[in-house]
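Asker: This is what each chain is made of:
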Amino acid sequence: MKLVLAAAVALAVAVPAAACNPHPSQAGLEAQLVCPTCHTPLDESSSPVAQQMKAYIRTRIAQGATDCQIEDELVGPPNNLGPAVLGVPATHGFDLLAWVLPLGGIGVAAVAIGFGAWVWSRNRAEDEAVASGLSPDLERRVDEELARFDA
Amino acid sequence: MPLRRLSQAAAVAVVAALLALLVWDVANNHAGKVAKEVDTGHPYTAPLFTRPLVNGTGTFSLLSMRGKAALVVNFWQSYCAPCTHEARTLAAVSREWSHNKNVVFLGIDVQDLRGPARAFLKRFGITYRNVSDDGSLVGRFGVTGYPETFFIDRRGVVVPVPHVGHIIGPATRQLLNAGIRYALAT
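Just so you know, the protein sequences line up as chains A and B, in that order. Mapped onto our numbering, the consecutive letters of the first sequence carry residue numbers 786 to 936. Mapped onto our numbering, the consecutive letters of the second sequence carry residue numbers 10 to 195.
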């Protein structure tokens, strides 16, 4: 139930984040994109291709393009700079591991913690049952043995 | 206890799987192989690609040239100074060979925006086909800088031009003609 709730919260946060901004800012887009030749954020790069990209973003914003449109046009046609300019690993091929491993790790860790908690609580219950489960006869015999040991 | 063994086996399996993935990636990674092989005198099959045209619509496929023509493949960028030094020579030599249907010039424009790329082609009078590359072909051919020029024969093999391999830096008329003649002869 908690897991479902957590997934719903994650989705609620992720969906607005993925929506397109109809009025993107130059600075916002430059912070999201990466210079494909020097591999630094666009707003920190002054390489020739970075300057070309900044000029393109400026023009497209003035023309009323959304941030999604501008990103798509830089990655694919007409500019075909490739997904490297997005600054996030690709969701296919070997790069997919960059997405799968952390999420998989979180999932495995959650299962391991849950399982550990279940084992721990079960052992504790068994210990308590054992501790309080002595019969009167056994208790008397233990007392006798202890008294004889003390003597 | 079986649970403990099971988790240990799972951990070993995960590590083995990641190791296998790494080995597979290294084995299938041909980055740099073309340039290295050609520069040491060994012909190497050109990696196949299909890329969108910069000067025109549609795409260009390397496979479509197989058995038809030898290719001069030039990697360039619009903001690369040495590329501007060779651009007029490339344009002129391509015009001189334009009567020969067995020779095709192809430009590969790497990580350039379309506007500046088209302006570059117009400025230097380049009329042969140019495709845009997102950087992946650079890795597959082993290009380390711009410009670089390879020669591919009709079988689709990148040929090592004697004493040159492939052209690193601005191409000269002599080197281009030597490469074309060598690619046509193989």
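By construction, these hints were calculated from the structure, which means they are not laboratory data. Keep in mind that the hints are not guaranteed to be accurate.
Stated by the list, open to error - Covered stretches of chain A, as calculated for chain B (at least 3 residues, CB under 8 Å): (1) 834–847; (2) 862–874.
Said to hold, decoys possible - To give a feel for the contact side, a few chain B residues facing chain A, derived at Cβ under 7 Å: (3) D34; (4) Y88; (5) T93; (6) H94.
From a predicted model like this one, the values you see are computed outputs, not experimental measurements. We put the beta carbon where it would ideally sit given N, CA and C, even for glycine.
Asker: May I ask which of the numbered hints given earlier this structure violates, with the numbers listed in increasing order?
Answerer: Those not satisfied are hints 5 and 6.
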